[in-house]
Each structure stands twice: as structure tokens, then as C-alpha cells.
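Enquirer: Residues per chain, in single letters:
There are 2 protein chains.
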Amino acid sequence: MKASRFFISTLKEAPADAEVASHRLMMRAGMIKKLGTGIYTYMPMGLRVIRKVEAIVREEMNRAGAVELTMPVVQPAELWEESGRFQGYGPELLRIKDRHERSFVVQPTSEEVVTDIARQEIRSYKQLPRNLYQIQTKFRDERRPRFGLMRGREFIMKDAYSFDRDLESAKASYKIMADAYRRIFDRFGLRYRAVAADSGAIGGDVSQEFQVIAATGEDAIVYCPESDYAANMEKAEALAPAGARPVPTQALAKTPTPGKATCEEVAELLGVPLSTTVKSLVLATDKLGADGQVESSQVWLLLVRGDHDMNEIKVSKVPGLDQGFRFATNAEIDEHFGCQPGYLGPLGLKRPVKLVADREVAVMADWITGANEIDFHMTGVNWGRDLPEPELVADLRNVVAGDLSPDGKGVLAIERGIEIGHVFVLGTKYSKPMNATFLDEAGKPQFLEMGCYGIGITRLPAAAIEQNNDERGIIWPDAIAPFTVVLCPIGMDRSADVREAAEALHGELLAAGVDVLLDDRGERPGAMFADWELIGVPHRVVISDRGIKEGQLEYQHRRDTAATKVPVAEVAAFIKGKLAA
Amino acid sequence: MKASRFFISTLKEAPADAEVASHRLMMRAGMIKKLGTGIYTYMPMGLRVIRKVEAIVREEMNRAGAVELTMPVVQPAELWEESGRFQGYGPELLRIKDRHERSFVVQPTSEEVVTDIARQEIRSYKQLPRNLYQIQTKFRDERRPRFGLMRGREFIMKDAYSFDRDLESAKASYKIMADAYRRIFDRFGLRYRAVAADSGAIGGDVSQEFQVIAATGEDAIVYCPESDYAANMEKAEALAPAGARPVPTQALAKTPTPGKATCEEVAELLGVPLSTTVKSLVLATDKLGADGQVESSQVWLLLVRGDHDMNEIKVSKVPGLDQGFRFATNAEIDEHFGCQPGYLGPLGLKRPVKLVADREVAVMADWITGANEIDFHMTGVNWGRDLPEPELVADLRNVVAGDLSPDGKGVLAIERGIEIGHVFVLGTKYSKPMNATFLDEAGKPQFLEMGCYGIGITRLPAAAIEQNNDERGIIWPDAIAPFTVVLCPIGMDRSADVREAAEALHGELLAAGVDVLLDDRGERPGAMFADWELIGVPHRVVISDRGIKEGQLEYQHRRDTAATKVPVAEVAAFIKGKLAA
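Here the protein sequences come in this chain order: A and B.
Sequential numbering of the first sequence, starting at 1, is according to my numbering.
Sequential numbering of the second sequence, starting at 1, is according to my numbering.
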């Protein structure tokens, strides 16, 4: 490719609303252009990257036995009503009415359509397993689109869906996909982690996120440097601390804490570590009668250490809370605690509540909690002595760095990641409401067991940039660079030698299948180099009159601090060696 | 590819709503699946065809210097308001409101977005010419979607847009595209015609449609078998007939034609050819005052031979009608003709009208027209004698087979076609309202001269099938077949010889870059052959125990009536020879 036949458009300044490096650099490098909030044109330079991402994903999906199809962008609402998502999806689902006032959605994913296909096409267990995928435009009307392609509204996703005869087979299909994802992300040349994620009602180890490591990532990734344990924050288990509960050393006391309604304020006032405080969360569950009306309600008190964060996914798995819960009303809190939030605690209740202690709280001694009286806290609180041992102890909190690793092989560390893939066993979540069945060996209809597998095709370039950039611009991994090699001739319009050498090398590399661009725009060297450093082409060769006289061209990798002189006749072989490495 | 790893799903019966061969056969061959009216999933077998179409289009577009980008499917309404199309497009434009009640459209084409990009990116004449294209999902909310992919609502289109400094350069860009289109359609292996189309306000020879010839086509194509003249019906010029007007032989007479309000009825009643009758069309034009109100109106009478059809595009180019016209009201007709439609004519008017005679009518003698009196026609009408020679003579009608060719090289023929491509010089239709300018050599802003170039990517397979099918199914041209070659082993599960020969040939052809499928499903021969004849793979090799014993495999092209025996060792070379041919 020659630059004069391509579309290159770089900017000195990024737009003011570009907050993260990938957004700034993709705008400056002319890879994307904003059309509306969260809606971007993929400009020629950016589209080349996206096409390379697509090609690698497609190749590995095919290798893993998945078969490509393309489902419509605009989908009839009827199917979404069958699955319950037309109502359930919320305002992120873009809804449309056609000229006949029929309802449609712009697909955010395609579970409904693929399940509809499966229930028509798959009749017998003999046709299973099956895996169908597409690489197609999606739309989610995000509340807060931002960061360019990182959290856009319109985006391209690879979404695959597996169909199996039973859960065991579904897990095998899941494993094939998880393995394919590792091959895909290895080929991208990115540092990533596959982290365990919550798998909802299915349970077990059947949901993983693929996270590109980057300080700017929106997600916290928990991992153990001494083992291969890795999970996302929702999923990472907080073990009970090692060792027994310390012996009480303090007497129970009601301590004035006027105007100090948070654990932080109380710890500061009393001059104690925040980790000696315990915070209270009051929830409620309702029992419904046959008529769907609330028959009775139960109030719950959850206790977590003052310096820990409650984990909503974990709370939703506590026996008794796993069928749904809500925050308690002010009236309920008043009725049970005789006090309002800020000074709540488990002592001196007006009416009994169901108490759940976090594993950490259950082994604390001499702790501090609200006194159920405005402007007072209890200090020196101890289980067994001041209140009964907790009946229910559960993991209720987010892990923190330094927690024991759940696999017992060291302590946890936390880093930031960008989710670019997700593999998930869905079970019968869609096949049941949509009645997608097959006949088993006995001729009996069974629901299809499904899995779904996504890769954010247009998010991936952004994640790659967050991980690979410097003050001059992007540094692409070879596999997904818009061009692998750029040839920068100096004074091509003045020197026949330079022009001939550049054209010859261009032709030689093209013939060898190298994705090379010859910059024949006639820019001055400074501007030309700045452009390619911004755009982030990994391999650069400078062709100059002086170099040709010396019989040498200058090679420089985007990460190198200096150029390497390479004899003219050896440059093509040298480059091929670099690319094979 | 092996069939066991692919998704094959054929049907014995087509759905009842499939009216044309391509729709029926694509459904039966499992290439598409209906999701809603005019909305289809491209199933794996169909997607392979579409991808091949895309690849050929992409290669030739790139070769022609166009650069690919991808514009959003969901586009903000603001841009469409700038161009005037948000109001002007009509109900085919799918309109959406997002969660913030902002208006969007699902793109039917992308002139607005690409013009917006151009006005930001193109600053100087030095950046011109430019051609940007995309291959992307489009949506048109057709009033009557039908014929499967032929007239769907969601479809894939390649749309390219050129930008030039002046009309001359725009015409050069147009020619480059028209040439690229010929290469593309040649590669598809289809019989097609590039036909001149109407180019609206631009004028000149700057609009062509590419039509795949098929008896089921929706469009009439006019061509001259003795020359390369070809045009669509809207554009094809009807010349004045050769020779002078015949001498009058009949006297003018008022003839009773009770209840006969059409030319057909009158000709039948009087026992004369329909070609001796003349029909009247009454139009009106309005002159507006400074306040936008109608100041005065002019009534027009257009005359066309009874057996000819009025051509609205041609009417809209008649001087005086070219700024817009409407049908005359009943009141206007009554005021000028003293009669209502069915018996109107140019004789005995109550008030003068502006008369336009079709070229053919202008040289008629002894013709028949309405008497401006219910139940009466005038016969033996002659120009100059019974009414003044027509002041305005114009081409007002569709050509018919046998008309003189406009290039003077013979007579015209008419066949049916399916429009699969269109190249068009747009001029400043979008750049003016959207203020897309560049600076010329003098530093003066000038409007960009644009062209647009479409190919219906998903319509093309349907058109190919309309042209290439028989009672057994589809017959794909090699270039866009879902698979080029299918290997049909008989008894692969029973015979190790068959299995080994099939696997070896499969491997050998794959290594040679042939797109080959090995049918390892274990179907019985009859069902297997029927499937592949339905799906339309052009080249088939049957591998049987008997053949192997004889040292021969059976090759058959989808169009062949019998198989050719080829020595086992020569089959791969034989196939490669067939594909190179």
C-alpha cells in the first residue's frame, strides 16, 4: 500500500472530551471519528486494525468448530417478549417502531434470534453439539457512553452460542471456547488474564472474563502472584482469616460519638484503626401469598468490617437472601432498631432480626459498632459475651490486596483490567422460556443447554492501546497493527535513488506477504516520523540518500530508542526475521 | 471443510410466501432464514456466498483506489435534517429515538455521514480526488418487502462516495468506478448489462445501472442488439419516427362512443388499431408569489399515442414542467375542457391550454381523440387542418420493442433485469446544503463535486440464482459458490478405501487453495446428491468403492447431464484445470 492511495489524517490535539489514552490516540491517529455520543465511524486506519482483529477471531472460532452466520441488526420485538428481555432489558435496549407501528429492537446481543434458529433447526440429539457465531454490529444505549470505543453505544461484537444435550456437554463446549479465547488473545500479543466470574444460577466454574491488563481499566482483577488463581472482584472469594478469634481484652462500653455517623469518622474520633469498626447493612425479604401480595417480611442485619466493601453478588447468594431482597424501609429500621442509619448495630434491638456476619467480622474481638442510639457507638464488643455467636456467617465482602488466596497458595493482589471477552454457560435460561428442545435417545424432548461467548471486537483495539502507548503515541502489537511495516523515504521526490530503493523494498516486502506501507506523501522527515509514531506502526525503515550511499538503511522498532543500520540488500530478510520472532 | 463441522440444512418444500426462484431456493438450500418481514438471517451456507461477493467487491474497489471505512448503522437525525432527507425520505427511513428522546435513523445509505467526514477532512484541492466506501448493513422500511433478499428491508450494501474539485474530475472518478463495476460483475460470472439511467439535474451521461439479466427481473432494460446501446426504461430515448407525416385521408368527424372512456375501448368499438388513438393527460403548474402563495396556474395537455405509456421522468424534463407539476384538479379540467376525463382532447377547448405532443403523435395523421363531450370522440383528426401544428413536441413516452435505437444503429429490444449496482454523479446535491467545501488554488472555497456508487451485496446472490437455476436447484458461478467443489464419498463409514481416497483428495485440493467440502455426513447417495444439486455447488466428485477398484472417480459439473470418469491420481489436476478455465 502506498500512503498516497490511502487515507491518513492525524491531529495535533485530541478533542477535549477524550479522557483516556486510547480515545485520545485513536482520535489523533485518525482511526475513529465521532458521529454522535458513543457512535463512531471507523476510519480507514482504524478499520484495518478492526479487520485484523476480526480475522484472528474468525480463524480461531472456525478452528474450534464454531460456524459463522449473520443475524439481523434489527430484530422483531416478539422474540424478545418470549424471553422476557423486551421488558427486562431496561433503557439500554434501543427500541424502534416500523411504518406499521410494529416493535423492533436494535440487537445488543442475539440470544433470542439464535435460540429461535436452534429450535427450528435442531431436532435430535444427533445434531448436537453445535456452536454458531457472528461478527456483527451491536447497539446498547449506554447511560454514560465514554472513552471512545471502550464504552460506545454502537460497536462490533463477536458473539457465539453453543447448544448441547446436557450440562456436562455444555461445560465441554465452554472449555473448547475458553481454550480458543486463550489462543486468540495470545495471538493479539496482549498481556491478559482469564479470570473466574460469577456464573449466576448455574454455579460452578463456568464463567470467565478475559481481561486486558491496563492501569486505566474499569474492572478490578484479583489474582494470586504465587498461583494461577484469578477472578473478578464480584467472584473472588474472601476466606476466613487464618487463626482463631483473639481473646476479648476490652469491656463493653457505650461511647459518645456525637455527629459521627460513619465508621471512618468514629475511628478517627476514637483514634483507632478503621479495621476495628463494623458497619451495618439492613435488608428485608418478603414472603408473598398465593395472591402475590406480601404476607410477611423479614428484616436482616449484615455486618462487614468498617474498611471492607459489601459485595452485592455475594450478598445475593446468602441462603434466605438468594430469592431476592430489598433495602429495609425507614419504618422497618425504626421498628427493629429504634434508631436511624449511622448508629445502627446488633446490640439492644427492639425486635429480633436475622443477623449475617461476614467471615472476617465473625472472628473479630473488641470491635466497635453503632449503639442504636443517635450519637453513640458501642466499643469493646465481643461475640458470645455481649451478643450470641453469629448463627449465619458468610462471605459478604470484596477481597482486598493481601487477603489469603482461595487456593491456599499465597495472598491476593489486585490490578486493573479491561474486559474484552466473556465465556459463559447459560444453561436453559433462554431455551426454557422459548421452548427450544431436542429429542433425546428415548425420543423425549429436552431443553437445549446453551453457552454464550463474546469478544468486543471494536473495544479490543482500545484495550490494546491502553496497554501499549507512550508520550509519542500508540505502539501496536504486530498482529493487529494497521500496517506492520512503514517505509519512510526522505526526499523521494528529489532523489531517484531513494525512490527506486523505496519502491524496490516495498515490492519485495509485499511479495513476501508483509503488510507494508510506503509513505510517498512527500512529508518532511519530522512530520512523517511523528505521524507514524502517533499511529504506532511497529516497524519502520528510513530510506535516505546518505544511507543509500553508505549502503545501509535504518531500521527502528517503535519501542527502540535508536535505529539499527542494515545493509540495503539484507533489509527485507531482516524485517522478515523481526516479524517471525 | 468437512460437512460434519459445517451447518447444512435443506428443506423439501419452500415456504408458501416464496414467489420467485431465488427466494424459494435460498430458503430450501438453508442459505437464509426469515426472522421477520423482509428481515433474514444469513445462515452459514448463505453467508459464504455473501463473503465471496464482498471479497471480490472489496478487491476491485481497492484496486480502483477507493479506501474502505465503516460508517455507523445508527446515525443522528441532525445530519439528515441538514441535507433535508430526514423529512424528505418518507416512511422508508427507519426513525428511532434514544433514551434521551434524541432522533436517529438506521442508515439506508450514508451520503450525509460521508459528506460530514469530507467537510471535516478535505480542506484543499491537493487532497482531491478521494473515494471512500463501506460494506455495511442498511435498512429500508419498504412498503412491500418481497422476494427474499431481492427486496428485503435489512440488507448489506457496498456504498462508495467520490469527492472531486469539479464536474470534469467527478466524471473521471465516475468512469473509474464504472470500469471497476464491469470488472466486478465480469468476475461474478453473470450475464449483465450496464444501462444508461437518468441522471437528474446533472444531465449528460453520468448515471448507469448494472442489471443482471433475468426473466423474473423487476426492471425493463432497453438495448440495441446491433450496437452497445443500453438504457433503463426511464432513460431510453424514443426518437421521432422516420419519414414525414402521412397526408390526411379522413374528414374530421364527431363519433358516438357511448360508455367507451379508454383508448382500448374506443379502438375496439371502431374496429381500428389502438395505434390510431391518442390519449390526453392534463397537468398543471403553479406560479408562486413572493409570499409563497399560488399567484396563477397554467393547465397543460399532454398527448401520447393510445398504445404508448407516459414516462414521468421524461415529462418532468419538458421545458415549463421541469420546475415541478401536478395533476390538474377536476375544477381546472372542467373550466378548460368543459368535460371530465375519458373523453378529453385538444379540440373545442373552452379555455386555451399549453399543449405538448409526443414526438410520435406529432407525425400522426387521421387520429382519434376525445371530443370534450361525454360519450363522443373525434375521428380523422389532423394537425394543421383541424388544430394548429403543435408548438411543443417532446419525448414523453416509454420506448417499445421495435423503436429506432437512439444511436441510429438498428431497432430496440427489451429484456428484464435485476438492478445490482448503480453509479451516479451527484454533483453538489449534498455538499451545498451541508456546506462541504475545499479551497481551490486561489484559496477560494468551492463545493465538493460528489459521486455515489452502490452494489447490493445481499441482492446479488439472489440475482445470480434468478439467472442460474433449474428444476433441481441453484447453479452457482464458480466465483460465488458457497463451496467450489463438493466431494461425495459413497459408503465412507463402511469402506476404508473410500474414506482414505476422499480424505486424500480433500487434503490435496485444500492444499491447492481450492474451496472444497467433503460430505462426511454419511447420507445415502440420493439424498446427498439432491442436497448438493439444490445448494448448487458447481463441481462434484463422487468417490465410490467401485470407482476406486476401477481406478476412476466420477466428476460432474452441475450443468453436465452425465459424469466424466477421471483416473484417481489425476482428479486434483483435472479439477484445477476446470477451475482455471
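Hints in this document: simulated from the structure, not taken from any laboratory.
Certain hints may be false.
One copy or any two copies: either way a pair holds, since identical chains are not told apart in the list.
[What the hints assert, rightly or not] Keeping only pairs whose Cα atoms sit at most 25 Å apart, straight-line, the calculated SDA-like set for lysine to any residue is: (1) Lys171 - Ser4; (2) Lys432 - Pro145; (3) Lys549 - Glu441; (4) Lys576 - Asp386; (5) Lys33 - Leu79; (6) Lys34 - Glu82; (7) Lys2 - Asn435; (8) Lys34 - Arg123; (9) Lys429 - Ser4; (10) Lys34 - Lys432; (11) Lys254 - Asp386; (12) Lys12 - Ala504; (13) Lys317 - Glu554; (14) Lys254 - Ala563.
Enquirer: Given a CA cutoff of 25 Å, do Lys317 and Glu554 count as a within-copy pair, a between-copy pair, both, or neither?
Expert: neither (61 Å within a copy, 64 Å between copies)
Enquirer: 25 Å Cα cut-off: does Lys34 pair with Arg123 within a copy, between copies, both or neither?
Expert: between (46 Å within a copy, 18 Å between copies)
Enquirer: Under a CA distance limit of 25 Å, which applies to Lys549 and Glu441: within one copy, between copies, both, or neither?
Expert: This pair counts as neither: shortest intra-copy Cα distance 78 Å, inter-copy 38 Å.
Enquirer: Given identical chains, is Lys432 near Pro145, meaning Cα to Cα at most 25 Å, within a copy, between copies, both, or neither?
Expert: Neither. Shortest intra-copy (33 Å) and inter-copy (32 Å) distances fail the 25 Å Cα cut-off.
Enquirer: Given a CA cutoff of 25 Å, do Lys576 and Asp386 count as a within-copy pair, a between-copy pair, both, or neither?
Expert: Neither, since 74 Å and 89 Å both go past 25 Å.
Enquirer: Between Lys254 and Asp386, at a C-alpha cutoff of 25 Å, which is it: within one copy, between copies, both, or neither?
Expert: within (12 Å within a copy, 120 Å between copies)
Enquirer: At most 25 Å between alpha carbons: which applies to Lys33 and Leu79, within, between, both or neither?
Expert: between (34 Å within a copy, 15 Å between copies)
Enquirer: Taking 25 Å as the upper bound on the Cα-Cα distance, should Lys171 and Ser4 be classified as within, between, both, or neither?
Expert: Between. Shortest inter-copy distance 21 Å satisfies the 25 Å Cα cut-off; intra-copy 51 Å does not.
Enquirer: Regarding Lys12 and Ala504, is the shortest C-alpha distance of 25 Å or less found within a copy, between copies, in both, or in neither?
Expert: neither (32 Å within a copy, 58 Å between copies)
Enquirer: When no copy is named, should Lys34 and Lys432 be tagged within, between, both, or neither for a Cα gap of at most 25 Å?
Expert: between (41 Å within a copy, 22 Å between copies)
Enquirer: Within a copy, between copies, both or neither: which one fits Lys254 and Ala563 at a CA-CA cutoff of 25 Å?
Expert: neither (72 Å within a copy, 99 Å between copies)
Enquirer: Checking an output row: Lys34 and Glu82, CA cutoff 25 Å. Within, between, both or neither?
Expert: between (36 Å within a copy, 17 Å between copies)
Checked against the numbered hints given earlier, this structure breaks hints 2, 3, 4, 7, 9, 12, 13, 14; the rest are met.
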